[in-house]
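Fit chain B to the supplied structure of chain A, relying on the hints for placement.
Chains A and B supply the protein sequences, listed in that same order. So the first sequence is numbered by our numbering: it starts at 1 and just counts up by one. So the second sequence is numbered by our numbering: it starts at 1 and just counts up by one.
Mixed in with the good hints there might be a few duds.
Pairs involving identical chains hold if they fit within one copy or between any two copies, as the list cannot separate such chains.
Dumping the calculated EDC-like pairs for lysine to aspartate or glutamate here, alpha-carbon to alpha-carbon at most 16 Å [said to hold, decoys possible]:
id, residue 1, residue 2
1, 47, 146
2, 47, 10
3, 47, 142
4, 47, 145
5, 130, 145
6, 47, 155
Just so you know, these hints were derived from the structure itself, not from any lab.
Number of protein chains: 2
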Amino acid sequence: MTNPLVTGYDWSPDRGLGLVRDIRVRWALEEVGQPYDVRYLSWGQQKEPAHRARHPFGQVPTYEDDDFVLFESGAIVLHIAETWPGLFPEDRRGRARAIEWMFAALNTVEPVVWEHLRAAVFEQGEDWAKARLPGVEARLSERLEELSARLGDAEWLDGAFSAGDLLMVAVLRYPSTADMIGAYPNLAAYVARGVARPAFVRALDALRAGQTGAAPAGWPQ
Amino acid sequence: MTNPLVTGYDWSPDRGLGLVRDIRVRWALEEVGQPYDVRYLSWGQQKEPAHRARHPFGQVPTYEDDDFVLFESGAIVLHIAETWPGLFPEDRRGRARAIEWMFAALNTVEPVVWEHLRAAVFEQGEDWAKARLPGVEARLSERLEELSARLGDAEWLDGAFSAGDLLMVAVLRYPSTADMIGAYPNLAAYVARGVARPAFVRALDALRAGQTGAAPAGWPQ
Chain A
1 MTNPLVTGYD WSPDRGLGLV RDIRVRWALE EVGQPYDVRY LSWGQQKEPA HRARHPFGQV
61 PTYEDDDFVL FESGAIVLHI AETWPGLFPE DRRGRARAIE WMFAALNTVE PVVWEHLRAA
121 VFEQGEDWAK ARLPGVEARL SERLEELSAR LGDAEWLDGA FSAGDLLMVA VLRYPSTADM
181 IGAYPNLAAY VARGVARPAF VRALDALRAG QTGAAPAGWP Q
Chain B
1 MTNPLVTGYD WSPDRGLGLV RDIRVRWALE EVGQPYDVRY LSWGQQKEPA HRARHPFGQV
61 PTYEDDDFVL FESGAIVLHI AETWPGLFPE DRRGRARAIE WMFAALNTVE PVVWEHLRAA
121 VFEQGEDWAK ARLPGVEARL SERLEELSAR LGDAEWLDGA FSAGDLLMVA VLRYPSTADM
181 IGAYPNLAAY VARGVARPAF VRALDALRAG QTGAAPAGWP Q
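Okay, chain A solo, but in the shape it has when bound:
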């Protein structure tokens, strides 16, 4: 098999923080020790027909090997975890619970994280943003508190580090969330453990090294 081919941007939308979802796929491939290649898209190319054929919503990442194409970071991380050992427990039930945390990260936690990011950052200049923010913060706090209560003093969410932890840590890395995580020291330590993993460090370094292109005109720096 040729190396898997991942798509990412050739520029940084976030000043090198590596918050775009291709970090999840890069991290997963680093965890399982599988080399990969990257197809870099410059600004706008993600919405062009060639990339739309790979990704109907015109985003990154995608994943290709030979004639097989996948989009959705969750589905790609799951595919990686099933293809190479290292991100799923070996027993069927442990694997189902790792998948449960993958969906919890993307369908229960990420929506409130994104809602907060949108309200606190993207929409902060709108007239109505300030009045709306407390409700948004309350929804995020509730989820963080619940997650903190479940994690307790465990190192990872369910036994050894899994694809579920990978996605949960990735979701909790958004800076507007990070500001709120301070109230939950066990969650802050959990995220810190995640990003200290050598595979994450390699993934982030590689992502940054590929961001050689220019941001689109008018992009906030």
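Here is chain B on its own, set in the frame of chain A:
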């Protein structure tokens, strides 16, 4: 094995529309022909310790068989699709693409659907709701248009009906979204095909039959 045990509410938050996420699990079990039992929760019980032990975020559905407990509707539907035939293609790559559509439903489409539901319904009385709504509608429209373009004149998203279609149809059923789907006749027909499936009809009938309890005081009817 004893029948799987699913949790749902004993009352209807949506006047019998069956929009709470246990419909997804009931529907999946009906599709694969697996009988199941239901543990009904009255209002408030979902936040009590007994249920928190099953579901850290205090929601429904959960899934249990023998000593195995799962939460997250996406993870449960995936587990069902892997345990009984009928919701995944048999080949590995087709299965990965069905999983891709599961994540697309829950991580790309549902967040904008929920954002719209919140803005158009839950928050409609707020001072700032009206000024904010156009942006919310634009985000949902963009996703619906992209999904419509990818579906084209196909019956389902990728070959035969799969767990990916099940979750996508479930997500598109929210009424505030249904109002907007009229602009995309192929999506409207796709949702209509989904809810006409005998397994969905059985699931919805069973859900309604179990909603014998009272709504909490003050719940809008």
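Each hint, compared with the structure:
1. For a Cα distance limit of 16 Å, the shortest separation of residue 47 from residue 146 across copies, 11 Å, qualifies, whereas the shortest one inside one copy, 37 Å, does not.
2. For the homomeric pair residue 47 and residue 10, the shortest alpha-carbon distance inside one copy (15 Å) is at most 16 Å, but the shortest distance between copies (45 Å) is not.
3. Taking CA atoms no more than 16 Å apart as the test, residue 47 paired with residue 142 passes between copies only; the shortest distance there is 12 Å, against 35 Å inside one copy.
4. For a Cα distance limit of 16 Å, the shortest separation of residue 47 from residue 145 across copies, 13 Å, qualifies, whereas the shortest one inside one copy, 37 Å, does not.
5. Within a single copy, residue 130 and residue 145 get their C-alpha atoms no closer than 23 Å, and across copies no closer than 31 Å, so neither meets the 16 Å cut-off.
6. In this assembly of identical chains, residue 47 and residue 155 lie within 16 Å of each other by CA distance neither inside one copy nor across copies; the values are 40 Å within and 25 Å between.
The earlier numbered hints that this structure contradicts are 5 and 6.
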